[in-house]
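Colleague: What follows is each chain in one-letter form.
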Amino acid sequence: MTLTELLSSHLLSSFITVVGTIALFQSLAVLQGKLKVIWLQPMLICILVIIAFLLWQDISFERYFSNAWLLNALLEPAVVALGFPLYQHLETITKQWKSILFVLALGALLAITSSFIITLLLLGDYSIAVALSLKSVTTPIAIAIAEQLEGNTAITAFAIILAGIFGAIVGPPWLNFIKVTSPKAQGLAIGAASHAIGTATVSNISYQHAAYSSLALIVSAVITAITSPFIINFLASLL
Amino acid sequence: MIISHKTALNVLYSMFAIFSCLALGKFCSYLAPILPSSLYGLIIFTLSLHFRFFNADKIKGTVVWCIKHMGVCFVPPGVGIINHFELLQQFGITIVVITFATTFILLTAVGLHYQRYAVDEA
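Order-wise, the sequence lines are chains A and B. 1 is the number of the first residue of the first sequence in this note's numbering; add one for each residue after it. 1 is the number of the first residue of the second sequence in this note's numbering; add one for each residue after it.
Every clue listed holds true.
Lysine-lysine pairs mimicking DSSO-like chemistry, simulated, CA-CA at most 30 angstroms apart:
| hint | chain 1 | residue 1 | chain 2 | residue 2 |
| --- | --- | --- | --- | --- |
| 1 | A | LYS34 | B | LYS60 |
| 2 | A | LYS98 | B | LYS60 |
| 3 | A | LYS179 | A | LYS34 |
| 4 | A | LYS95 | B | LYS68 |
| 5 | A | LYS95 | A | LYS179 |
| 6 | B | LYS68 | A | LYS34 |
| 7 | A | LYS95 | B | LYS58 |
| 8 | A | LYS179 | A | LYS36 |
| 9 | B | LYS68 | A | LYS36 |
| 10 | A | LYS36 | B | LYS60 |
| 11 | B | LYS60 | A | LYS95 |
| 12 | B | LYS68 | A | LYS179 |
| 13 | B | LYS58 | B | LYS26 |
| 14 | B | LYS6 | B | LYS60 |
| 15 | B | LYS26 | B | LYS68 |
| 16 | B | LYS68 | B | LYS58 |
| 17 | B | LYS26 | A | LYS98 |
| 18 | B | LYS58 | B | LYS6 |
| 19 | A | LYS98 | A | LYS179 |
| 20 | B | LYS68 | B | LYS6 |
| 21 | B | LYS60 | B | LYS26 |
Derived from the structure by calculation, the hints contain no laboratory data.
Could you put the whole structure together from the sequences, leaning on the hints where they help?
Modeller: Take a look at the structure:
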């Protein structure tokens, strides 16, 4: 195969992969809009359908991921765009910075300690306990800390996706059920528990959700990056 | 679908704003690798709008569209679960249960605490 043929075949497969993924996601979004069923979350169903397709066609994840490079390249600018709703609510947020910082610090502490202790008690494996205790922050930060603390990075990556999808799907209905109906509280909770995946999902509910979820995403990431090595080393010395 | 000249210019302006903030974010991440470049970019984008370096009115339309459709960008990393099937076989369903349970605890604690003690502050 010549270089030109190779390039054109890669471009064609990239085009099909990206267009196919977008078409599937949009169709599911339209379907969810019509049916209003919670479990029909476009991101989750889209992931499951693509996994089934890859397994059926015996296509490796690496091949799919390299063909979907455009969507992956847009991930960073998409996260930057979340600065807009944050800007729109900056004045209110500045007035409440003490309570927001307190609740997010409490959340980060709870996320690290609860996961670490429960995992260590149930599985007795330090590297998995470290991996799961970092699941609520964004991937680059969690992986870096997991490496630093000798955690299992593969499990970290897996748990991050799982926590993101779970919070994105269950978060809003559960919070409504327990009467946490304030968009600010919902945004903070989902941003703190389900990082960028949760933020991307709740951003469609309202701008206030988007602003507070983005804020929680940043603040939780900073707090976890700074405090988790100390908390995990302390807990490991106790247990 | 016909896009007006003004809309096209606003899209270009928004892309310039977002990508220049991301570039600055990458520089910040290089200097102080505490946060990933996209989160630095998010902070810089917020501040640049607040201090009127960019015109928020021109950006709004494009950003609203981006945020509405950004979920699709998380699909390829999500499909990455396929590479971790052996972890599920090895450690059983315990990892999944712990992840769900602790995410649930966190959602509840942050949501309830903020709504109860801070929501009426402003």
